[in-house]
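A.B. asks: Spelled out from the first residue to the last, the chains are:
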Amino acid sequence: MTNRERFQAVLNFEKPDDRLPAIEWASWWWDKTVVNWQSQGLPSDIGFRELAPYLGLDQHIQFWFQHRAADCPQPKFNGGPICEDEDGYEALLPYLYPDNEVDAAIEGMKALKEAHDRGDFPIWFSVDGGFWFPRTLLGIENHLYSFYDEPELYHRILDDLADFQLRTLEKVYSVLTPDFMTFGEDMSYNNGPMISEDSFNEFLLPYYQKVIPYIKEHGTKVIVDSDGDITKMIPWLKHAGIEGVLPLERQAGVDVAALREAHPDFLFIGAFDKMTMRRGVEDMRGEFERLLPVMKTGGFIPSVDHQTPPDVPLERYYKYIDMLKEYAEKAVK
Amino acid sequence: MSILTEISENLQKGKAKIVKELVMQAVEQGYAPEEILSKGLLDGMNIIGEKFKANEVYVPEVLVAARAMNVGSQVLKPYLEQAGVKAVGRVCIGTVQGDLHDIGKNLVKMMMEGKGLEVIDLGTDVAPETFIQTAIEQNCQIICCSALLTTTMGVMGEVVKKAEEAGIRDKVKIMIGGAPVDEAFCRQIGADCYTPDAASAADAAAAFCAAN
Ligand code: B12
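As given, the protein sequences belong to chains A and B, one line each in that order.
Counting the first sequence from 1 gives a position; the numbering used here is that position plus 6.
Counting the second sequence from 1 gives a position; the numbering used here is that position plus 6.
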């Protein structure tokens with residue numbers, strides 16, 4: 007079975023022949039973690055994309071399409087605004103939705119088509135979602151106010167976003183069919199959703215309903231990437247046509263077994279409590295034991311529930327990978 | 007409906023302009039500034055806090071309500087000062103060094119203000135020394151530390167240590183919170199109080215200040 011076939015099997019709730027995929031889903035590693043590992047023996051010339059196969063994990067290739075041109079004005083501080091109102095948004099438009107940057111990424115995709123067709127690795131792509139993207143424009147805090155202060159602007163941004171993404175999707179599918187995709191959102195936190203169901207339905211639902219059917223038509227699985235406790239939001243997401251979530255953050259209280267029971271047909275990626283990796287090998291084994299029954303139900307790829315934290319030594323991470331593969335096999339036996 | 011109830015209800019809906027007008031009207035009608043504060047503004051914020059705790063309202067609703075409260079408080083401030091009304095306590099709050107997450111910290115601040123506490127906001131990436139220095143110079147009864155990263159939560163332990171070294175540990179309560187923090191960690195580092203959400207944090211802080 008090829009790497010890609012294994013992925014496909016799980017995404018279709020079928021059993022892979024040998025084992026589940028063994029991945030770190032977050033292809034963007036925490037920079038501090040990598041720096042620490044380099045001081046512990048990891049060669050420093052290994053790029054982010056080569057890191058997973060180097061460490062012994064299955065490769066998967068992510069394309070995150072840029073929604074702002076490289077020369078777009080930057081926020082003055084982390085999470086700060088780059089536009090404040092409708093006029094600001096209009097002034098910013100020349101820098102947004104850069105079709106030419108998508109074209110460049112599509113060229114990169116073309117170069118990988120043969121290997122993807124051969125089954126060497128799954129390919130997935132990510133787009134800035136209807137919560138995330140306005141947040142990058144309006145700034146973390148103003149964005150939360152904007153549901154009340156700037157509802158028309160919010161709708162306008164999401165209309166433009168949907169148009170851009172539909173254009174992008176057409177280009178993607180002219181080259182190949184990615185195995186899954188994510189809407190980057192981060193719209194939940196430790197105590198649940200950041201916004202109400204009413205706000206979700208008023209603002210995000212129409213946007214999702216414009217973009218999602220086209221993706222599903224092509225057979226790419228549609229997943230939402232949202233940290234924190236997503237439990238309460240899953241029914242809202244399902245209603246919007248979404249087929250799965252990641253990373254199912256344990257520290258925020260997500261109980262993947264309970265979720266599986268409530269949603270037998272929903273895809274899950276993540277759920278492995280990163281905090282156990284900080285504590286040691288025994289805790290990690292306990293964590294795999296917790297996840298094993300759900301791994302057996304299919305439609306679930308276990309993986310660290312966000313980036314591996316910097317205080318996990320490289321040696322322990324290797325042990326984690328060994329265990330991940332051990333349980334990935336157990337899950338299909 | 008009394009004007010104070012109207013203030014509370016409009017505050018809960020985040021109607022800052024209306025709250026401002028109503029507070030001015032209430033002053034003109036001769037209501038005591040303290041009463042406008044407690045039965046109007048703080049009452050509204052309390053209700054929002056409880057609803058937030060129960061996941062009946064979410065972050066945007068809390069933010070717009072808190073903004074309405076601030077607008078109302080600004081109008082009321084000179085009258086409160088004239089009447090000699092003091093804040094029920096003084097708190098300094100910040101996100102610890104190395105950490106830039108501040109939505110939670112801001113909510114805690116707003117909820118505490120909603121309990122009538124004066125809150126000094128030190129912002130994000132705050133060094134342990136800054137918490138201690140502020141607590142000493144500004145006479146704070148409580149230091150509040152927020153951390154969202156496992157890599158920065160350790161700084162909270164430093165704050166406790168520095169408070170001991172500065173000889174103020176028995177005079178100041180140290181409250182901690184944020185996504186990776188829990189009760190066990192609070193005990194481990196010798197802090198005084200952990201709560202999982204902003205409304206409970208404000209309850210705990212107000213209770214502490216009332217007892218002292
Ligand atoms: C939004 C967000 C961001 C935003 C922050 C913007 C901002 N201005 O705040 C951005 C995009 C900038 C960001 C950056 C990063 N983030 Co971040 N982020 C989040 C996210 C999704 C939500 C946090 C949030 O805003 N919650 C909403 C508020 C309302 O909740 P809260 O902060 O928890 O506060 C509540 C309670 O905790 C409590 N509370 C908070 N403070 C206090 C204080 C006291 C005294 C008390 C009593 C109570 C209390 O009351 C609040 C309200 O009820 C979380 C996921 C999560 N599970 O929380 C990840 C998360 C915190 N981030 C994470 C990471 C890894 C990062 C980065 C390191 C990513 C990277 N590799 O670059 C950077 C770090 C930047 C830095 N140096 O700080 C990880 C941390 C993991 C770990 N091992 O520690 C998390 C947990 C995601 C995850 N799934 O693992 N992030």
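Hints should not be assumed to be uniformly reliable.
Claimed, not checked - 35 Å max Cα-Cα, derived DSBU-like pairs, lysine-lysine:
id, chain 1, residue 1, chain 2, residue 2
1, A, 82, B, 177
2, A, 244, B, 19
3, A, 216, B, 19
4, B, 26, B, 57
What the hints assert, rightly or not - Just so you have them, the derived chain A footprint on chain B, three or more residues with Cβ under 8 Å:
id, segment
5, 38–47
6, 114–122
None of these hints come from the bench; they were simulated from the model.
Remember, predicted model here, so these are calculated numbers, not experimental data.
Positions of the beta carbon are idealized from the N, C-alpha and C atoms, including for glycine.
A.B. asks: To test your reading of the hints: which numbers does this structure violate?
C.D. replies: Numbers 1, 5 and 6, in rising order.
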